[in-house]
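Mapping to full-length UniProt numbering: the sequence shown position 72 is 72, numbers consecutive.
Just so you know, the hints here were simulated from the structure itself, not pulled from any lab data. Among the hints, erroneous ones may be present.
To be verified - As a list, the in silico DSSO-like pairs of lysine-lysine whose alpha-carbon atoms are at most 27 Å apart: (1) Lys82 to Lys4; (2) Lys96 to Lys39; (3) Lys82 to Lys105; (4) Lys87 to Lys64; (5) Lys25 to Lys39; (6) Lys96 to Lys64; (7) Lys4 to Lys39; (8) Lys64 to Lys105; (9) Lys64 to Lys4; (10) Lys98 to Lys116; (11) Lys4 to Lys25; (12) Lys82 to Lys25; (13) Lys4 to Lys18; (14) Lys4 to Lys102; (15) Lys87 to Lys105; (16) Lys98 to Lys25; (17) Lys39 to Lys64; (18) Lys102 to Lys82; (19) Lys87 to Lys102; (20) Lys18 to Lys64; (21) Lys39 to Lys116; (22) Lys102 to Lys25; (23) Lys96 to Lys76; (24) Lys105 to Lys76; (25) Lys39 to Lys102; (26) Lys4 to Lys76; (27) Lys116 to Lys4; (28) Lys76 to Lys87; (29) Lys18 to Lys82; (30) Lys82 to Lys96; (31) Lys25 to Lys87; (32) Lys39 to Lys87; (33) Lys76 to Lys25; (34) Lys76 to Lys64; (35) Lys116 to Lys87; (36) Lys18 to Lys98; (37) Lys39 to Lys82; (38) Lys4 to Lys105.
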Amino acid sequence: MPLKISSESPSELEASLKATATTSKVAFAIFYASLSNGKSWCGDCRDAESFVNSKFASGEDVVKVVYAGQRDEWRKQDNPWKAAPFKITNLPTLIKVKADGKLEKLVEADVYNQGKLDAFVDY
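Can you build the whole structure from these sequences, using the hints too?
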């Protein structure tokens, strides 16, 4: 399934991911730094993008892309993505939601480590 940009609020995204996750299928969301002039201001996000795109290019996994903000917006303590339920602390972060509603994370350089990405996604 192609990745789809989400404009949902944190609570809407959580509900959507949990509603999609089943015992045979998990739901995913990837959190990146927002784009500026077509590129992410975050180097790790730029590095991870091709790995994530390739990993999810074919398949049926639900994958939502969330842009967590421009540099100044992201660094604010009250950035909504830093709060529950997602508690994103670093970008990029790949979230996996299982049927039981629990969230698992793959963070920063681990997202563009092919072995770690494969192990995380290929549940």
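Each hint tested on the structure:
1. Lys82 to Lys4: Holds. Lys82 to Lys4 sits at ~21 Å (cutoff 27 Å).
2. Lys96 to Lys39: 25 Å, holds
3. Lys82 to Lys105: With a Cα-Cα distance of about 13 Å, the restraint between Lys82 and Lys105 holds, given a limit of 27 Å.
4. Lys87 to Lys64: 17 Å, holds
5. Lys25 to Lys39: 31 Å, violated
6. Lys96 to Lys64: 11 Å, holds
7. Lys4 to Lys39: 17 Å, holds
8. Lys64 to Lys105: 14 Å, holds
9. Lys64 to Lys4: Distance ~5 Å between Lys64 and Lys4 Cα, so the pair holds.
10. Lys98 to Lys116: Measuring from Cα to Cα gives roughly 18 Å; hence the hint holds.
11. Lys4 to Lys25: Status holds; Cα separation ~17 Å.
12. Lys82 to Lys25: Answer holds: Lys82 to Lys25 is near 26 Å, not above 27 Å.
13. Lys4 to Lys18: The given pair, whose Cα atoms are some 16 Å apart, holds under the 27 Å limit.
14. Lys4 to Lys102: 22 Å, holds
15. Lys87 to Lys105: Given that 27 Å is the threshold and the Cα spacing comes to 10 Å, the pair holds.
16. Lys98 to Lys25: 7 Å, holds
17. Lys39 to Lys64: Given pair Lys39, Lys64 holds - Cα atoms ~18 Å apart, limit 27 Å.
18. Lys102 to Lys82: 17 Å, holds
19. Lys87 to Lys102: 13 Å, holds
20. Lys18 to Lys64: Holds, at about 13 Å.
21. Lys39 to Lys116: 24 Å, holds
22. Lys102 to Lys25: Answer holds: Lys102 to Lys25 is near 13 Å, not above 27 Å.
23. Lys96 to Lys76: 25 Å, holds
24. Lys105 to Lys76: Holds, at roughly 21 Å.
25. Lys39 to Lys102: 31 Å, violated
26. Lys4 to Lys76: 26 Å, holds
27. Lys116 to Lys4: 22 Å, holds
28. Lys76 to Lys87: OK: Lys76 and Lys87 at ~13 Å, within 27 Å.
29. Lys18 to Lys82: 19 Å, holds
30. Lys82 to Lys96: Holds - the C-alpha atoms of Lys96 and Lys82 are around 16 Å apart, at most 27 Å.
31. Lys25 to Lys87: Roughly 23 Å between the alpha carbons, so the hint for Lys25 and Lys87 holds.
32. Lys39 to Lys87: 24 Å, holds
33. Lys76 to Lys25: With Cα atoms ~34 Å apart, Lys76 and Lys25 exceed 27 Å; violated.
34. Lys76 to Lys64: 23 Å, holds
35. Lys116 to Lys87: This hinted pair holds, its Cα atoms lying about 21 Å apart.
36. Lys18 to Lys98: 7 Å, holds
37. Lys39 to Lys82: Status holds; Cα separation ~22 Å.
38. Lys4 to Lys105: 19 Å, holds
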